[in-house]
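Those protein sequence lines, which keep their order, are chains A and B. For reference, each letter of the first sequence is one residue, going -9 to 532 in the working numbering. For reference, each letter of the second sequence is one residue, going -9 to 532 in the working numbering.
Simulated from the structure, these hints should not be mistaken for laboratory data. Heads up, some of the hints might be wrong.
The list makes no distinction among identical chains, and a pair is therefore deemed to hold if it is satisfied within one copy or across any two copies.
Derived lysine to aspartate or glutamate pairs resembling DMTMM-like cross-links, with alpha carbons at most 20 Å apart [stated by the list, open to error]:
#, residue 1, residue 2
1, K42, E410
2, K133, D526
3, K36, E9
4, K42, E188
5, K460, D274
6, K133, E524
7, K452, D421
8, K91, E77
9, K42, D189
Next come the chains, spelled out residue by residue.
Protein chains: 2
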Amino acid sequence: QMAGVLEECILEIKRIQHEARSTGIPVRPHWPMIVLRSPKGWTGPKEVDGHKVEGFWRAHQVPLTNVKQNPAHLKMLEDWLRSYKPEELFDEKGRLIPELKLLAPKGHRRMSANPSANGGLLRKALRMPDFKDYALALEGPGKVSAENTPPLGQFLRDIMRSNMHNFRVFGPDENSSNKLDSIYEVSKKTWMAESFVEDADGGELSPFGRVMEMLSEHTLEGWLEGYLLTGRHGFFSTYEAFVHVIDSMFNQHAKWLAMAKAVPWRASVSSLNLLITSTVWRQDHNGFTHQDPGFLDLVVNKSPSVTRIYLPPDVNCLLSVADHCLKSTDNINVIVCDKQKHLQYLDMDSAIKHCIKGISIWEWASNDAGFEPDLVMASAGDIPTKEALAATVLLRENFPTLKIRFINVVDLYKLVPSSEHPHGLSDRDFDSLFTLDKPVIFNFHGYPWLIHRLAYRRNNHKNLHVRGYKEKGSINTPLELAIQNETDRFSLAIDAIDRIPSLQVAGAHVKEKLRNQQIECQNYAYEHGIDRPEDDHWEWPY
Amino acid sequence: QMAGVLEECILEIKRIQHEARSTGIPVRPHWPMIVLRSPKGWTGPKEVDGHKVEGFWRAHQVPLTNVKQNPAHLKMLEDWLRSYKPEELFDEKGRLIPELKLLAPKGHRRMSANPSANGGLLRKALRMPDFKDYALALEGPGKVSAENTPPLGQFLRDIMRSNMHNFRVFGPDENSSNKLDSIYEVSKKTWMAESFVEDADGGELSPFGRVMEMLSEHTLEGWLEGYLLTGRHGFFSTYEAFVHVIDSMFNQHAKWLAMAKAVPWRASVSSLNLLITSTVWRQDHNGFTHQDPGFLDLVVNKSPSVTRIYLPPDVNCLLSVADHCLKSTDNINVIVCDKQKHLQYLDMDSAIKHCIKGISIWEWASNDAGFEPDLVMASAGDIPTKEALAATVLLRENFPTLKIRFINVVDLYKLVPSSEHPHGLSDRDFDSLFTLDKPVIFNFHGYPWLIHRLAYRRNNHKNLHVRGYKEKGSINTPLELAIQNETDRFSLAIDAIDRIPSLQVAGAHVKEKLRNQQIECQNYAYEHGIDRPEDDHWEWPY
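Isolated chain A, as found in the complex (with noise of 0.2 Å):
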């Protein structure tokens, strides 16, 4: 019966497939399902001392405890065992009879065996246009305003364009909110419910669609994990509050990569690309709800083998990491970097070079260069830069002697020992970077304290001074929310005062004023609901 109800089903699927391909006409079939209903603990003892046991839950648990006290038990287990017959399945070397042995299937029949199982055995590389054909010209670092994410948006569809058949762009109901929407010049959302008239005019949606939407996080990641696992490449984009949904997911699957490649057989699969947008930073309207940048924190408890994390601090950077996690294979990229308009840094050339090495000097922002330097300002995000070069140009206006080191991080596991993480800096270059009795004053992105559980081994970590969100928000403007996280450049101009031994006293001046045209900022913020033109169009003046 059960070969009959397979070859049905089998026979169905087929026609199914055979009217599609054959008409070209989307439809969404109802598929033939086999549902196989056994007792739970079938075969096992059906009463065990007068409780139900087969087909119950008790089966769940363990069945017969206590075999060894109670001899009643272990003949009933006896009996349990000895119901296979053993004495027919194996020889007397207890092997598996032939006959037996012949049943199983061969090579790829074997469930085991299936490349579908193992996707990475069919796994293609994708066939990349060159990420630098997608580059933002700039007239120099800090002068011009570009949203992050849309030749990002570019750049993927044109990788949808040229592989049109394993990959795929997951997004809940985002990728327009995420700026990503030039995708569907090649392919549309996925669609194959009823539509109406007015749909056709921006509703984005096709049958055809390759773009996976729905407002539901889970769905997605369950979706892409399945598609990566296949063997076929992905890119999800979701709100930075909102990836919470699937950390659970995201650690099974972390667990489930770190296993994979301790096993020889299985082929690499494509990594899990996860980007972060719509961060905490820019949730001016949306307030403290959407406030979360903890998912980070979660994602360096897992296996080093398996997970990066990136913060592109522009365009450019973001596409030359974009393009580095879509070629990778085991790993999950978590890529953070918000949609909004933000100054711009880097050509494509110094943007290659920053984000190859993960963490550098720029030079541009420093003037330490031949001297040993007063302070390390560090940033990591990109909203938390343009505060750091912000503080960096207050202190130079008004202490034109200090000398300062501009640091910028984007791959975040720089930051650990080499010996914690295959990308972890060796002490030598950090100690040369970071200094080894310097202060620094570290903006960063997230929680702060992240910072410090990725550097406590550092040599000059006590000189370490991280700001970062500290959980503290509303609807704010974008300067009001940074100075009540401390992440604002009056802020942090001010913590390096504090820091620098020169400073600590004759700089108390300078923090009165820094204070004060803090407090001009919160007022105005307040009064119109908006942060002053001078301090929104902030430009890198040097």
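Place chain B on chain A using the hints.
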């Protein structure tokens, strides 16, 4: 028509309630529901520049952008706003006219003033039995083993008995597995669907049950939040690895509580009490997928005004902590305690003092009284505490003159500076416990870097050496798993030898011996699938 439908529904609800209350027969009624469908963006512009807006997805965006520059759009905006006829609604000073003002209901009939929406107004404190009545009597510290959760189950049972109208216990079908099943003596699992004869034997189902079970962590969390916010009390237990399913809901509830605390008219609600059990260290047959102590890393990101974390090491501490949590308000209390058999350390009197202090020196396990210690051995969590104690014994046996101070942490936030969390120890207290310059070995239940994240500002942080789970594991015996993550007695003792200046060279022979013992344990576990009885049944020897 609306009024008619409302009236009809209310009458139907009253009929259902009357029937249930007069007959006492539990049924699952079809409650009436009103579905009001209104077009999205109703009354706004139907079309803008030829694109459909009202009743379409565009109404979710800004319907009219750029009104400052576009006079046609400005005109549409004006027409839209004038369509509400403000001149009929407001007087010449812009005040709502008295006839309309009168329409609003008064007092508690105002939606936002409904006490059920400000549940703290309805909240009555639980009637609590004395938790000391459930104490486990001990002969001495570290001699007896017991399962940690059953006495809590009895305590919860008696709380339930005295609060049958405003207390519920929640769990993803795990109250039995988590050994809280005494609760069923007074109230069963809520079950109003079909049931079978065999369910009467151990099914613990009843339409009058007040225990909420469903293998769906997020459904339970939603129920519990609603229950608490309407003025009731609850207790949620769940497997540690799967609490991540509710990460996002935890985040939002923590944000809600933090904001509610800042709103003076909001009355205090009961805390959300979360027992995390079936923990990472005892997943003997579940393995790697069930090993994830990372929820705490998420908890510490949220506002210190609402987050609390407790790691009671034994039965009596768990009872004391649970009593405190069930009486508290406006917090999220996370209690981490395994359900399996573990060594018991403190009698009830000591447990109460230890839990109130949150952190303390265990005199009976220390031999440094009156001296400067050579080493501080610290622990948080049930299993890490046992291994830290066993390491202390190994060290004292091998180096009889060594002075070791043993510290246990129940209230994890004690490690944070008092400026950062209301439970934080002052630097003075921290320094006196952990010294300014002695090596500290800290054996932690969770990911080890969490301790650094909490304590990085402390004076002796540079000498703080933390062990914890670092994502290494499989189907292991408890000691094997500890060895893989270097939280076992041998690794800890070796760490200590490496960090105590007088032993760094002289201790080499003992290090070899300990390493040999560790290898013996590993080999035994590999061969027999269990730990050596002498390790498994280890007791505190002094």
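Against the structure, the hints:
1. In this assembly of identical chains, K42 and E410 lie within 20 Å of each other by CA distance neither inside one copy nor across copies; the values are 52 Å within and 55 Å between.
2. Within a single copy, K133 and D526 get their C-alpha atoms as close as 13 Å, which meets the 20 Å cut-off; across copies the closest is 66 Å, which misses it.
3. In this assembly of identical chains, K36 and E9 lie within 20 Å of each other by CA distance neither inside one copy nor across copies; the values are 48 Å within and 41 Å between.
4. In the homo-oligomer, the alpha carbons of K42 and E188 lie at most 20 Å apart only across protomers (7 Å), although the nearest pairing inside one protomer, at 59 Å, exceeds that limit.
5. In this homomeric assembly, K460 and D274 come within 20 Å of each other (Cα to Cα) only inside a single copy, at 17 Å, whereas the closest approach across copies is 38 Å.
6. In this assembly of identical chains, K133 and E524 lie within 20 Å of each other by CA distance solely inside one copy; the values are 13 Å within and 70 Å between copies.
7. In the homo-oligomer, the alpha carbons of K452 and D421 lie at most 20 Å apart both inside one protomer (13 Å) and across protomers (17 Å), since each shortest distance falls under that limit.
8. Proximity of K91 to E77 under the C-alpha cut-off of 20 Å is restricted to the intra-copy arrangement: shortest distance 15 Å within a copy versus 89 Å between copies.
9. Taking the shortest Cα distances, K42 and D189 sit within 20 Å of each other only across copies (9 Å), while inside one copy they are farther apart (57 Å).
Comparing the model with each earlier hint shows violations of hints 1, 3; every other hint is respected.
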